[in-house]
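Student: Build the complex: two chains, separate frames, hints provided.
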Amino acid sequence: MKSTEGFANFIITSERIIKMAAISFWRNRWLSLATTLIIILTLLIISVFTFLALLVNKTTVSMREKVDLVVYLRDSDSEDQISALSDLISSRPEVKSISYISKEEALSRWRTRYATDQNLQDIINENDNPLPRSLEVKTKNPEEIGQVADFLQSEDYAPLITRLSYQQNKDMIDRLVKITSFVKKIGSGLSVLFLIISILVVYNAIKLTIIARSDELAIMRLVGATDAYVRMPFVLEGVMYGIVAAVISSVTIVISYRILTPVFVNYLDIGYDVGAFMRTSLWEVVIIQLLIALLLGIFCSFWATRQHLKK
Amino acid sequence: MIEFQHVTKKYPGNIIAVDDVSFKIGKGEFVALVGPSGAGKSTLIKILIREELPSSGRILVADRDIFQLKEKELPYYRRKVGVIYQDFKLLAKKTIEENVAFALEVASVVPGVIKKRVDEMLTLVGLENRANALSEELSGGEKQRVSIARALVHEPKLLIADEPTGNLDPVNSWEIVELLFKINKQGTIVLLATHDKEIVDAIHKRVVMMKQGKIVDDREDGKYIL
Numbered sequence: 004m005k006s007t008e009g010f011a012n013f014i015i016t017s018e019r020i021i022k023m024a025a026i027s028f029w030r031n032r033w034l035s036l037a038t039t040l041i042i043i044l045t046l047l048i049i050s051v052f053t054f055l056a057l058l059v060n061k062t063t064v065s066m067r068e069k070v071d072l073v074v075y076l077r078d079s080d081s082e083d084q085i086s087a088l089s090d091l092i093s094s095r096p097e098v099k100s101i102s103y104i105s106k107e108e109a110l111s112r113w114r115t116r117y118a119t120d121q122n123l124q125d126i127i128n129e130n131d132n133p134l135p136r137s138l139e140v141k142t143k144n145p146e147e148i149g150q151v152a153d154f155l156q157s158e159d160y161a162p163l164i165t166r167l168s169y170q171q172n173k174d175m176i177d178r179l180v181k182i183t184s185f186v187k188k189i190g191s192g193l194s195v196l197f198l199i200i201s202i203l204v205v206y207n208a209i210k211l212t213i214i215a216r217s218d219e220l221a222i223m224r225l226v227g228a229t230d231a232y233v234r235m236p237f238v239l240e241g242v243m244y245g246i247v248a249a250v251i252s253s254v255t256i257v258i259s260y261r262i263l264t265p266v267f268v269n270y271l272d273i274g275y276d277v278g279a280f281m282r283t284s285l286w287e288v289v290i291i292q293l294l295i296a297l298l299l300g301i302f303c304s305f306w307a308t309r310q311h312l313k314k
Numbered sequence: 172m173i174e175f176q177h178v179t180k181k182y183p184g185n186i187i188a189v190d191d192v193s194f195k196i197g198k199g200e201f202v203a204l205v206g207p208s209g210a211g212k213s214t215l216i217k218i219l220i221r222e223e224l225p226s227s228g229r230i231l232v233a234d235r236d237i238f239q240l241k242e243k244e245l246p247y248y249r250r251k252v253g254v255i256y257q258d259f260k261l262l263a264k265k266t267i268e269e270n271v272a273f274a275l276e277v278a279s280v281v282p283g284v285i286k287k288r289v290d291e292m293l294t295l296v297g298l299e300n301r302a303n304a305l306s307e308e309l310s311g312g313e314k315q316r317v318s319i320a321r322a323l324v325h326e327p328k329l330l331i332a333d334e335p336t337g338n339l340d341p342v343n344s345w346e347i348v349e350l351l352f353k354i355n356k357q358g359t360i361v362l363l364a365t366h367d368k369e370i371v372d373a374i375h376k377r378v379v380m381m382k383q384g385k386i387v388d389d390r391e392d393g394k395y396i397l
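So the sequence lines, in the order shown, correspond to chains A and B.
Using our numbering, you'd call the opening residue of the first sequence number 4 and step up by one each time.
Using our numbering, you'd call the opening residue of the second sequence number 172 and step up by one each time.
If we strip away everything but chain B, and leave its shape as in the complex, we get (with noise of 0.2 angstroms):
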């Protein structure tokens, strides 16, 4: 499904970012990026959005080369996969159920399908009740799940978490974790991009490590190893 060919970054100054990177990610998979900060675990997302090109290398998705898609393609590929960062990334003025609605409105989606996908995104993640809180009032797990609600509206194949849990409690971050485990039960592909040793040691799904923008390990039922 996602196929990562030999990926490098490298930025001016010879830093190398992300160092000939190769590694395959099936359907319906769960799959935790792990390493310590700086490893190269951003970068290689925002790559693998098309938020930046990298220097070599290829990123097939569905089997496509997504380096080749055109300046025009960009929005539909990135409706396509679904993001989720440590920040959240709300508009702080609006309601829930705006936040959500707007990642629709901006695909020229009608309101009265709008207003469907929100309730069932908003119920997917347990917002159901709190559809017209501003989201500057919300909690961190709140926001969190508010912004995952958003990046699964254009039901994607993917969804990418970049640090989900950075700026949550434990209790919050594993209620984020949990409906991490949801959604990737209804088949979507999880890339969950963390240094949380504690969440990875307990999850037991696969572990690609990274450090010093090398894979260092790959395996199954994986352990996050300092």
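Chain A extracted, bound-state conformation (with noise of 0.2 angstroms):
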């Protein structure tokens, strides 16, 4: 009996609060607007850098799992010598695996890779197919690449090949390890600043609300309320700015998702699903950004009734 009183004085409590708190929130709609615009700019500024550097790592990594060296072959080079060659590789402690491409497989891929574009698909077709063969040469290490090619660019082997191509995804991952740390903190500079303004503002809406109901409260006290019945309220709004603001902001994110996701897939041809990608960091994105949001309604609240209730 005792506890179905207590359970029953709860949520009438809870009730007087969250009505508290509502009637708070849209009396000063204005102040409350602009609030939870403050957060709603720091929410996607927090999550579209967050993105960007998720992407930028995650096309890094897929980079990194790339083809190391590709050894172009003269299209003049025997079976017998293509096959020693390839056994010559593999017998080198750096290479992680060898993998052999047959002009068929060059076309099949060329194909695949300009699906679109029939002026490119027309270039080149069964009859008249200047790709040329390749072994496709991954390491255990990135760094050991150059040994692998200095190797090969000896020249006992230098007439059996073309093109040595490793250098193009060196420089790549050493630029998008760069785009990735500058990403970062830009990014985590910009979240920062942003952060503290929504703080100092949040704490105002709420300072602002409490100064305006100062009677009120001192009131409360002198009839007996508690130090959490007084707080409530107020860490309430400062969560309800929290949540509108999340809800808002993520509405966008899932908005621009829908209108970017296909100019990622188009133009970032990057070797991976972009899309699937795109999908999973979205739900981390918004969970992440409810969470911050609460924080800082909680946060900024409690310090903000602090000096109130010391009295």
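Errors might be hidden in some of the hints.
[Stated by the list, open to error] According to the in silico footprint, chain A covers these stretches of chain B (three or more CB under 8 angstroms from chain A):
1) 236-247
2) 250-263
3) 268-276
Note that these hints are calculated values from the structure, not bench results.
Cβ atoms here follow ideal geometry from the backbone N, Cα and C, with glycine treated the same way.
Tutor: Shown next as structure tokens:
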């Protein structure tokens, strides 16, 4: 009996507190709007940069996964020569794997890659296939590509090989690493700046509500309201700012995601499923947003009410 | 029931608002705490409801040292001590009923009980027919009666009245004093702080006289000696 009574009291108290918070949110709707907008802006900045960092990072990882070294062979090389060269390369300790790409395989890759471009499709066909055969080499360590390449560039093997492609990948990875660190720096700088602005704005909004209602609060304490009872409406108000902002920001992000995914998928030819990656990250970003917004609201309201309750 | 033991309150700048005050209030007593403005009456009341802590001394209420109360226990202590003020401290935009109910709402009382208690209190103070009037529309005397109803809604053992008639005309003042008598007769201790000589001289109750923070006189059926 006692515990059901306790529960009923809890429900009634919660109802009263939620009502008070909602009324306060609505009464100061312009202030609430400005406060919410600042949180939305902050969340969007954090999300966009988190997302960019994840994307660049993922691309770097995917680049590292890619074939490290491609050895393009001359059309005049015999099968025996190629087989001997392949054995020689795979016997080196740095090499993790090696695979042979025939002219047909190269052609089919070309077709897949340029599936949407008829002009490029038409340039090459089975009867007139200028694409060279190649050996794709993966090393155990990206740093060891250079050693394998140097070995292949020695005079003994040079006649068999038209071109080695490894420098481009390495440059690309180096560039991506630089971009990642740049995005992270700018992103965390801006995020921290806007978080601080948000904290101050939310704190200020709650403080203003407290000042506007200071008579009522004094009376509440006078008639024996507990600190928690006095504080909860403000905490809820802070949480409401957070939730409303997180919802609006999430909707914005979902919409942008729908618009931007096809663009990314078309223009970022980076060898993994960008669409799937964006879908997974989307939920992560939405959840992170909600958490940040809630923490922001709770932190600010506790901070703002702390001084008042100290009296 | 209530015992002040050597209570002293100093403010920065060596201002002594309350100076070594000791006296007892027994069960069911009606005590007038009198003295000119600045004598220390309000400070003593603030200390009694623990809005302020004394510089030294103790106050025992029902044998409990109220300065030992934890922050958490304070709201519950305040519910057992009703206070009314010169400026009423009502919520202007709320009705009489809502103002009284407010004190129960903050204490997580269920709506059915609130309704019943509020009705009882409004009947006690004679405002049962004006329950839905906004408090800003009331006369000073009515406002003070609402604040008494609110102070009593938790059934406190002690009602502190800090200059309750300070803003009222003589007729309304007497109505309030009569109401305080009625409440006292029902068993509640009443501590009436006032500097209204006319009232003090007419009520024939115990008078505790303060001057410059000290108690200078304490007698049954006392008079306000200037």
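Student: Run every hint past the structure and note whether it holds.
Tutor: Cross-check of the supplied hints:
| no. | hint | in the structure |
| --- | --- | --- |
| 1 | 236-247 | holds (count 4) |
| 2 | 250-263 | holds (count 5) |
| 3 | 268-276 | holds (count 3) |
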